[in-house]
Amino acid sequence: KAGVTQTPRYLIKTRGQQVTLSCSPISGHRSVSWYQQTPGQGLQFLFEYFSETQRNKGNFPGRFSGRQFSNSRSEMNVSTLELGDSALYLCASSPLQGSSYEQYFGPGTRLTVT
Amino acid sequence: DAKTTQPPSMDCAEGRAANLPCNHSTISGNEYVYWYRQIHSQGPQYIIHGLKNNETNEMASLIITEDRKSSTLILPHATLRDTAVYYCIVSNYGGSQGNLIFGKGTKLSVKP
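Protein sequence lines correspond, in order, to chains A and B. Residue numbers for the first sequence follow the numbering used here, so the first one is 1 and each next one is one higher. Residue numbers for the second sequence follow the numbering used here, so the first one is 1 and each next one is one higher.
To be clear, the hints were calculated from the coordinates, so they are not data collected in a lab. Quantities reported herein were computed from a predicted structural model and do not represent experimental measurements. Among the hints, a few may not be true.
Derived DSSO-like pairs (lysine-lysine); straight-line CA-CA distance at most 27 Å [unchecked claim]:
hint, chain 1, residue 1, chain 2, residue 2
1, B, Lys3, A, Lys57
2, B, Lys69, B, Lys107
3, B, Lys52, B, Lys104
4, B, Lys107, B, Lys52
5, A, Lys13, A, Lys57
6, A, Lys57, B, Lys111
Can you build the whole structure from these sequences, using the hints too?
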């Protein structure tokens, strides 16, 4: 099976712009979670989607949003980018909702905000 | 906040066993212990998980103390490719919270 794929792998944006990141889960996986990783805060949970519905949300401002499509692919959007949004954004998929076991992570999208 | 405590770093000689400790003194009865690792510039990789019995798979062994307040991940024959940050996480198995709460982990350096 192909693993979790994320596009793009690298992205440079300017403050105030918005960005959309994409994640394709492993075939058959219906849950997609997003995480932000920074040197200062480490890995932090953003949100989880299952069957096109957001099931859980971390402690991030409303500028961070996401959605999931009927084929389980997911996108996350960050509006009005700030310098502090520079991070590695990781997507993880798993077969079931709320399944914190065996989450399979993609390689991440490295976002740089200038 | 993470519910686990891990040493920030450890060294291990190539070919020797790497024993990574984790304290989780506030673990509740329905919480599992999970281990993930993150090799530089890659996404985290699931290693193993367990509830109260010791577990073994092709990657590692997980030893959980009888009171479940601590555990040890064992890589039996560490290689240079095992150099990574190892995260110990406690979480509900299949619970409503589908997120993993990562702490700072242990940076394992395997040296030749």
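If you check each hint against the structure, which ones fail? 6
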